[in-house]
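Residue numbers (my numbering), protein chains in the order written: chain D, 484 to 704; chain A, 4 to 285.
The set of hints was computed from the structure by calculation and includes no laboratory data. Incorrect hints may have been included.
[Stated by the list, open to error] Label-pair restraints from in silico Cβ distances: (1) A:Leu276 <-> D:Gln495: 32 to 38 angstroms; (2) A:Leu230 <-> D:Arg599: 27 to 33 angstroms; (3) A:Ala161 <-> D:Phe575: 50 to 56 angstroms; (4) A:Val204 <-> D:Asn603: 48 to 54 angstroms; (5) A:Ile208 <-> D:His678: 39 to 45 angstroms; (6) D:Lys507 <-> A:Arg8: 51 to 57 angstroms.
Note that this is a predicted model, so its numbers are computed, not measured. Note that beta-carbon positions come from the ideal geometry of N, C-alpha and C, so glycine has one too.
Here is what each chain is made of, one letter per residue.
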Amino acid sequence: MIELFHVYKQYQPPQWALSDISLKVRSGDFYFITGPSGSGKTTLLKIIFRELPPSQGQIVINGVNILKIPSHRIHELRRTMGIVFQDFRLLFHRTVFDNVAIPLQVLGEPRKEIRRRVFNTLRMLNLHQKMWDLPSRLSYGEQQRVAIARAIVNNPKILLADEPTGNLDPELAFEIITLFKEINKQGATVIIGSHDRELIRHFGDRILFLQKGKLIGKDAP
Amino acid sequence: MWQYRARNIFSVTIICLSFLIVGVFLSLSNNLQHIARELSTNMVVTFFLDKAATAAEIKNIEQKVLASPLFSGVKVVGAEEARDRFQKNFPDLKDILASLKINPFPPSLEARLKDMAPASREVANFVQDVRRMKGVEDVQFNQDWVDKMQSLSRLAKAVGFFLGGILMLASFFIISNVIKLNVIARKNEIEILRLVGATNVFIRIPFLFEGIAMGMMGSMVSLVFLLLAIKLFPVYVGSLGVLQQLLNFRYLSLFQALGLVAAGGGIGCLGSLSSVSKFLKT
């Protein structure tokens, strides 16, 4: 379960990137966070991932206050999560295979297992034929799928995705969200930041609306 | 390492130069120590005898020397034998000697010191005692040379370690800065590794290996250059006469060579540890 208690984030005074956000996401939930650009979607996801510290407030994940985890143990939290960054953050001097393999190498998985899981994940995203290409030779949409593959390859318990379909055509975007739904059905909590109304209408059973850093509404069945 | 080769080659070169300086001084010190050892093992005290000394007086001196625990043996060298020896050692001066009507060489008594060279003060006191005996005209004792050689050897070693120490400190900062540049160049990669759950140790290990490899490579290359320098120095400089023996560089012992390589690895390791740690804290 992910719980946020009165979370605030300020980059530069006097504006607040996030203001008094309190929410509870149960394990196995599938959430969309939506809102216009600059509403705080990315900041909220980064705070949940502890890439950014909040200015105020507390974040509790599965009973652990993540702000109290010392920096040398933060890897334990991140190993349970997968994240798709808006800017992909791929290593452009490494192949697609190497990029996707990183989370498994970090876990110390055997080479054979890494090969198997990376191949299966890339096949799921229809990228297996470009496994040995450098990301710079891929299209924007393909690079985005590599970033998704890296986020899901280690079967995370929590999957965070920041605009994961931003550069994909509608058909592929639907396929990707369907894949996220599949991962969710297997027990993972999924939170997607998106402003794609069509996708949200089609898949969004739980939606958080942000505006100017404030949570202005929740839509849940 | 290959990715940032120019920077790494520069770093290895600096490390190599630092260790080369230490190596040259170590080698020079080895040679001076060797000379000091040679001098002390072959050390002879020569008691020049009065030409008018009687056989009884000579016998008396010989017995006094033999009774001392400092000496291993005594040899009486007559005036004729001394002249023959001179002619053999300095054949160019044979004619001058022949033109002299008298034999200028006094008879002498050569007393060989034991291998385990005793404290020079003890020998000096004994020599003074013998000098006062009847029949002894003068004494030649080269303990001073042994002391000087040993002091020079210690000085060479100290200078080597001082200069080398400064340069090694510089190497440490250079390695740490080179690795810091490599870390900054791979900032993106490190950030991604941290975000997917890599531990600091996991991130640090490749940089550690890089630092150790650079340090060891630098020191090993310096050993090769030192060997070349020792082989080529006499060829290039030619004969140096008396200085030849002093500047006859000796290569490092296996222990010293391994020590330098280990020191290189250690400096590389410390340099990378310090730079990566600083980066991981931020």
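Results of checking the hints against the structure:
1. A:Leu276 <-> D:Gln495: 32 to 38 angstroms: holds (36 angstroms)
2. A:Leu230 <-> D:Arg599: 27 to 33 angstroms: This hint is violated: roughly 51 angstroms between Cβ atoms.
3. A:Ala161 <-> D:Phe575: 50 to 56 angstroms: holds (52 angstroms)
4. A:Val204 <-> D:Asn603: 48 to 54 angstroms: violated (29 angstroms)
5. A:Ile208 <-> D:His678: 39 to 45 angstroms: holds (41 angstroms)
6. D:Lys507 <-> A:Arg8: 51 to 57 angstroms: Given about 53 angstroms between the Cβ atoms, the range holds.
Figure legend: structure checked against the earlier numbered hints; hints not met, in rising order: 2 and 4.
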